[in-house]
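Below are the chains, spelled out letter by letter.
Protein chains: 2
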Amino acid sequence: MAAGLYIALLHTPVYNKRGETITTSITNLDLHDISRVARTYGVKRYFLVHPQGNQLELARDMLGYWQSGFGGSYNSDRKEALKVLDLAEDLDEVKDRIVQLEGASPQTVVTDARIFSQSISYLDLRSKIQDSAAPFLIMFGTGWGLTREVIEKADHILYPLESAGDYNHLSVRSAVSIIMDRLAGEAWWDPS
Amino acid sequence: MAAGLYIALLHTPVYNKRGETITTSITNLDLHDISRVARTYGVKRYFLVHPQGNQLELARDMLGYWQSGFGGSYNSDRKEALKVLDLAEDLDEVKDRIVQLEGASPQTVVTDARIFSQSISYLDLRSKIQDSAAPFLIMFGTGWGLTREVIEKADHILYPLESAGDYNHLSVRSAVSIIMDRLAGEAWWDPS
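So the protein lines, in turn, are chains U and D.
Taking the working numbering, the leading residue of the first sequence gets 1, the next gets one more, and so forth.
Taking the working numbering, the leading residue of the second sequence gets 1, the next gets one more, and so forth.
FYI, nobody ran anything at the bench for these hints, they're computed from the structure.
Be a bit skeptical, because a hint or two may be false.
Same chains, same names: a pair is fine if it fits in one copy or spans any two.
[Said to hold, decoys possible] In silico SDA-like cross-links for lysine to any residue, where the CA-CA straight-line distance does not exceed 20 Å: (1) Lys79 x Pro13; (2) Lys17 x Asp77; (3) Lys44 x Ser127; (4) Lys17 x His32; (5) Lys17 x Asp92; (6) Lys79 x Gly103; (7) Lys17 x Gly4; (8) Lys128 x Asn75; (9) Lys17 x Gly71; (10) Lys79 x Trp188; (11) Lys79 x Arg18; (12) Lys17 x Glu80.
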């Protein structure tokens, strides 16, 4: 990979099942599962993004338990994974932090069920990430997904993960796992 | 896919972090996240396998809430996903159930960090699943993974999911997501 790869999990603005814009709560498992994916696929930072101070405080407490409390000494794999985790209030703060680290703004990436002018295939984006000098920020939303305004502002929009049938409602943890494997995993499909 | 594809999540015999053989508890999220992966990738049944009746009872209660209680009417996507979920006491029961459904024993598949005589690549197993008349059962373990005795008895052993660096400790939910995408997902890497 030419430049840094970053993940952000946004808890707002996301849709609920009725298509209303909401803010969801931070969950323990989004913190652990996605940190482990990030660490496995060489992601530089995984930003947990929430606008409310008390929610970030809660995340900081959970982190403390695993980083310096009992959890970290009992389960060092988790402690290691959580080193990539970072907290931020909003997307602007995430981008600023990446500019500080990389000296360049990240190209932003989302997935969506619809096709836009910025739509791109997994294979093409994988090549871009490998060849580009710019950092990439792959953005995910909790709840029923990122709102249309966030989607439309992204530099690249990945096609939806296609399913064998009519059902396509993966958890955000599964979606992050699959998308990072496609974008940054080994070329397992290449027999050469 | 020529024949049925099945998933089993075994809570025993699995290792703990010290390499001792243990039985883990059923967790709510393994039930939901993996059901949604199974439903998305056309898996016929996802078997949650636990030897203890009270644990299966607990899982049955959770299922009831989503299938006929408040949860199911509130969140129909979860209800739909959980239709693929089934409970079993041990691996023999799972195999018997598949024989009843398919009229043939499944070929069993696991992943392991080591290389064995039955080791196979993701690409080769993907072809086998597509071409074979036999059903396939992809087996996963909780905790620190399935014990060596289970691994060695499997018909096929997938190579470990390779990581960019030195770290490779994905959650079982992430591993199931990635492996099912590789074995049964769209051929996203094929530009033709």
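Verification of the hints:
For the homomeric pair Lys79 and Pro13, neither the shortest alpha-carbon distance inside one copy (29 Å) nor that between copies (26 Å) is at most 20 Å. Taking identical chains as interchangeable, the C-alpha atoms of Lys17 and Asp77 lie at most 20 Å apart only when they sit on different chains, with a minimum of 10 Å there against 35 Å within one chain. Taking identical chains as interchangeable, the C-alpha atoms of Lys44 and Ser127 lie at most 20 Å apart only when both belong to the same chain, with a minimum of 18 Å there against 34 Å between chains. Taking the closest pair of Cα atoms, Lys17 and His32 come within 20 Å of each other only across two copies (17 Å); inside a single copy the shortest separation is 25 Å, beyond that limit.
Taking the shortest alpha-carbon separations for Lys17 and Asp92, neither the intra-copy value of 26 Å nor the inter-copy value of 40 Å comes in at or below 20 Å. Taking identical chains as interchangeable, the C-alpha atoms of Lys79 and Gly103 are never at most 20 Å apart, the minima being 28 Å within one chain and 47 Å between chains. In the homo-oligomer, the alpha carbons of Lys17 and Gly4 never lie at most 20 Å apart, since the shortest distance is 34 Å inside one protomer and 32 Å across protomers. In the homo-oligomer, the alpha carbons of Lys128 and Asn75 never lie at most 20 Å apart, since the shortest distance is 36 Å inside one protomer and 38 Å across protomers.
Taking the shortest alpha-carbon separations for Lys17 and Gly71, only the inter-copy value of 13 Å comes in at or below 20 Å, while the best intra-copy value is 35 Å. Taking the closest pair of Cα atoms, Lys79 and Trp188 never come within 20 Å of each other, the shortest separation being 29 Å inside a single copy and 34 Å across copies. In this assembly of identical chains, Lys79 and Arg18 lie within 20 Å of each other by CA distance solely across copies; the values are 17 Å between and 37 Å within a copy. Taking the closest pair of Cα atoms, Lys17 and Glu80 come within 20 Å of each other only across two copies (15 Å); inside a single copy the shortest separation is 35 Å, beyond that limit.
In summary, the numbered hints that this structure violates are 1, 5, 6, 7, 8, 10.
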